[in-house]
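**Student:** Add chains B and C to chain A, keeping to what the hints say.
Chain by chain, the residues:
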Amino acid sequence: MTPVEISELLKSKFQSAILATVEFGGQVSVTINKAKLLDIMKFLKNSPELNFDYLVDLCGVDYLGRKNDRFEVVYNLRSMNHNHFIRVKAVVPENDSTISSVVDIWAGANWHERECFDMFGISFMGHPDLRRVLMPEDWEGYPLRKDYPLKSDLGEHEWKGYKEVVETAERNKQYEVR
Amino acid sequence: MDFSSAYQITGSGLADFVVRMILLLIKIAVVIVIAMLHVAYSTWFERKIIGHMQIRLGPMRVGPHGLLQPFADFIKLFFKEDIIPSAGDRLVFQAAPMIALFATVSALAVIPFFDDFVIANVNVGLLYLFAMSSLSAYGIILAGWSSNSKYAFLGGLRSSAQVISYEIALALSLVGIMMLSGSLNLVDIVEAQQKHWYGMFVVIQFPAYILFLICAFAETNRTPFDLPEAESELVAGYFVEYSGMRFALFFLGEYIAMIIMSCIAVTCFLGGWTLPPIVIQALPFLAFVPGIVWFLLKVYCHLFLYYWVRATVPRFRYDHLMSLGWKVLIPVSLANIVITAIVKYAF
Amino acid sequence: MLKKKELSINMGPQHPATHGVLRLVLDLDGETVVKCTPHVGYLHRGTEKLSENRTYPMALPLTDRLDYVSSMCNNIGYCVAVERLLGIEAPSRAKYIRTIMAELTRIANHIVWIATHALDIGAMTVFLYGMRDREWILDLYEMVCGARLTVTYPRIGGVRCDVDNEFIDSCYKFAEDFPKRILEYETLIDQNRIWLQRTVGIGVISAEDAINWGLTGPTLRGSGVAYDVRKAVPYDAYDQIDFDVPVGKNCDVYDRYRCRMDELRQSVRIIKQCLDKMPDGLVLSTDAPGYDILPGKPRVMPGHPMGEIMPGEEEDPKKEPFDELYSAIEVPKGELGFYFINDGTAKPYRMHIRAPSFVHASVLPKLSEGSLVADVIANIGTIDIVLGECDR
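One line per chain: the protein sequences are A, B and C, in this order. Following this note's numbering, the residues of the first sequence are numbered contiguously, the last one being 178. Following this note's numbering, the residues of the second sequence are numbered contiguously, the last one being 525. Following this note's numbering, the residues of the third sequence are numbered contiguously, the last one being 917.
Bear in mind the hints are in silico, worked out from the structure with no lab data behind them. As the structure is a computational prediction, the values presented were derived from the model and not from experiment. Since no wrong hints were added, every one of them can be taken at face value.
DSS-like mimics (lysine-lysine), calculated; alpha carbons at most 30 Å apart, straight line:
#: 1; chain 1: C; residue 1: Lys756; chain 2: A; residue 2: Lys45
#: 2; chain 1: C; residue 1: Lys774; chain 2: C; residue 2: Lys756
#: 3; chain 1: C; residue 1: Lys574; chain 2: A; residue 2: Lys160
#: 4; chain 1: C; residue 1: Lys891; chain 2: A; residue 2: Lys42
#: 5; chain 1: A; residue 1: Lys151; chain 2: C; residue 2: Lys872
#: 6; chain 1: A; residue 1: Lys163; chain 2: C; residue 2: Lys574
#: 7; chain 1: A; residue 1: Lys173; chain 2: B; residue 2: Lys254
#: 8; chain 1: B; residue 1: Lys226; chain 2: C; residue 2: Lys705
#: 9; chain 1: B; residue 1: Lys258; chain 2: A; residue 2: Lys173
#: 10; chain 1: A; residue 1: Lys11; chain 2: A; residue 2: Lys42
#: 11; chain 1: B; residue 1: Lys254; chain 2: B; residue 2: Lys328
#: 12; chain 1: C; residue 1: Lys872; chain 2: A; residue 2: Lys67
#: 13; chain 1: C; residue 1: Lys530; chain 2: B; residue 2: Lys328
#: 14; chain 1: A; residue 1: Lys67; chain 2: C; residue 2: Lys574
#: 15; chain 1: C; residue 1: Lys891; chain 2: A; residue 2: Lys45
#: 16; chain 1: C; residue 1: Lys560; chain 2: B; residue 2: Lys328
Okay, chain A solo, but in the shape it has when bound:
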C-alpha cells in the first residue's frame, strides 16, 4: 500500500484521533492525539493488510514556541512483508508530559523510550524500567529540549560527578613526578 492509502485507512478508522496528515518526499506523517495511541498502534501492528511489525525508530521533538503541544513523540514504522512505511506523531503537551508506552507491542521500543525520557523528560507509562540511558543516572535537566543550553559554564550547578573528578585530580597531583 502506498503511504497515502495507509493514512486514508487510518483516518477512516480513527477519525477523531487523527489531527493532521502531511506528505513529503514520498513519506506520510500522521499526527495523532495521544489518548488513542495504544489503539492505533495495536491496529497498525496487528491488522493483516498493514502489519507494521518493525518499529524502526522512536524519538521526541521539542517545538518550543507552541503553547499546548510542545512535544511530539515520533514513531517510524515499517512492515517487513509488505515493505511499506508510515510515520505516526503523537502530540504531548508540556504540562502533562506523559504518554503510554508501546513496549508491549514492540519490545524494541524499550531503549528508545528511555532515551526519549532522558533527553526530553517525557514519561512513558507502563515502561518496565524507565531511567536515563545516555546521561549519568543523577543528571538534572533534559538536554535535547530547546531551552537547554548547548554549552555553558554552570558554575555552582555543575554536575556532581564532574566536580568529584576535578577534586580527585587535584588531590592526586601530589603523586606526580616532577
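**Tutor:** Just chains B and C now, with coordinates in the frame of chain A:
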C-alpha cells in the same frame, strides 16, 4: 654420576656425608640455573614463534633479534611497585606465588636429564611428580581467594577445578607406561624403553601419549584450556591483582610447569636421553652425541607444540572443558589401561 | 541450611572484550547469568544537539565519529538523507564511487568484527591476519582522501573529489586478491570443533523476536529474515548492481558469522561491478551546498539558502508544518537511519540518528540471560556494537 661410592677415601662417615652434600648442592644449583634460563628463553621463544605464525616479527629491539628480551622483562618486573590489596589476606597473598612456584620447581628433582644425572633417583619418581603438580593447585586457589576480587576468585575456582579434573586423566594415561616398564622410577622407565627395537613407548602407547598431551595442556592452563586466565573474559583471572615480582613468580611457575610436563612426556614416551636402537644401528655416529642433546631437542619440540596450539586454536568454554575431562578423557584412559594389560598378559 | 547468594560481577567500562566503553552488570549463579544489565552512555557526545546548531555541511564531520570503524558509511547515510530532504541529486559517477566506498567499508568493518570476535573466543591469529588486510583498505582510503579513520569524503551532493587511476588499479587488485584472504580466515575457524562448540546454538533469537526488538543487518539476517535496506529502499547505485543478500537459518552466533563472511564475498562482487560500470562525469552536484575549497572561488555563494550563514543574513524559517524525512541506509552493522526536520533555515531543526548499535545493545539481556559467562562474550561479539554509534 653416582657419588655414593666415590668419596669414601676419608673413611669417616661425617666428612663423606659433607662432601656428598656439597656436591649435591652444586648439582641442584646447576639444574636450577639452567632450568631458569630455559624458562626465561622459553618466553622469548614463544613470542618469536607466535609472532612469526601471525605474520609479524616478535621482539626485535632488545639485543639482536630480541634475544635479551627476557632480561629486559625481568628488570622491568623487578622494579615495579609491589601492590597488595588492602582488604585481602596479606600473608596468604604473599605466600601463594611462592607455593605455586616451589611446587613446580621441586619436580625438577627427579627428572633424569641424561645418563646417570638425576638429583634424586627415587623409586617412586612418577608418583612424586604427580604429587608436586597437585600441590601447585594450592597456590592458585590461595591466590584467587586472597586477592579479594571477584574476578580473581572466579578465576581461581575455575582453574583449580580444571586442574583437579585433568590430573586424574593425566595419572591414568601414564599407568600404561608403568605397566610396560614395571617401575615408577624414571631412570628405569627410560632403560625399559631401550630394551625394544623401537626405543620409544609412544609407538605402542600412542593413544596414551595423545591423552597425556591434552592433559598437560589442561594442567598448565594453556590454550585451549586457558579459560581461567583468559584475557578477554576474566582479565587474567587468578593473578589479576599481582604486580611486579610476584606476577613474575606466577609466570615462571607456569612456564616451568610446561617444561616439566614436556620432560615427563619425553622421559616416559619418547625415550628420554636415548635414541631408539634401530636408529643407532642405522646411523652409528649418532651414538657419540651426548644424551642431553637429544633430551633437550625433544623438550624443545614439545614446547613448540604448546606455542603452535596457542596460536591456532580458540578457547574451550568452561562446561565443555569439564565434560571433556570427565566424560571423554577418563574413560579413554581407563580403556587404555585395560587394553595394555590384556596385551601385555597375552603376549 | 546453606543460603545461596548471587555473585554480581561488573564487566566494567574498561574491559578487553566489550569493544568500547560498555558496562555490563552480570548477576551470576555459579557460571550461569541470571540477570544482565547493560549501561551505556559513556561515549555520549551530544551529536544530535550539536547538529541543531550547525548547517548541514558543518554537521557532516560529526557523523564520521558515530561508528568510527566504518566512517564512510555514516557519511554516506547522512549525505543520502540530506540529499533526499533538500532535493539534491548526486551525479552518477559520485553514486558509483560512494557504492565502492560503502562496500570497502563493509569489508573493513567485517574484518574488525571477525578479528575481535575470534580474539575474544581465543583464536588470536585471525586478529593479526585481519589487521594486515585492513591496512590495505585503509591505504585505499588514504589514497582517495588523505585520512584513514574519519574520512568525511562523501559530501552532500556527491563526493569530495574524483578518484584517480591509481586508486582504480589498486581497487581492482584488492578485489582480485581479497577472496583468498577470506579463505584463510575460514580455514582457521570455520570447521574448528572448538569454534563450533562455542558458537552453534549460542545467542539464539527467533525471527519474530528479532523483528520485534528492531534488530537489523546481519544480526537479523542470521535469524532468517531477508531484510536489507539496499534491496528494500535502494539508494546510490545499488539498483543497477547484481548482488545477493546472505541469510542464515538457525538464528545462532554461527549463522551470523557465516552471514558476515558471505557478505564479504558479495561486497567484492559489488566492487568489481562498480569498477566496471563506473561512468564518467562530475563527482559533486552543482546544487551542492556551496563550500568548495578551490582557490579563487568564493567560499560561499551569497544568498544561497543552504550555505554558511553570513553575518547580517536573515534566516527565513518556514511556517509549520515543517518538512520531515526519515532516510536509512545499510551500514555494516544494520540499518542506520537519519530523521530530519527541516524548518527552512540552513540548520536542521532536529536531527535524530537511529543507530543500529543502540538497538542491538538493548537485546543483549535477552540473548544472555540463562547462558554461561563465556557466552556473554560470544553474544557481545555477534551483535557487533560500536559504542560510538550506540551513544552518539
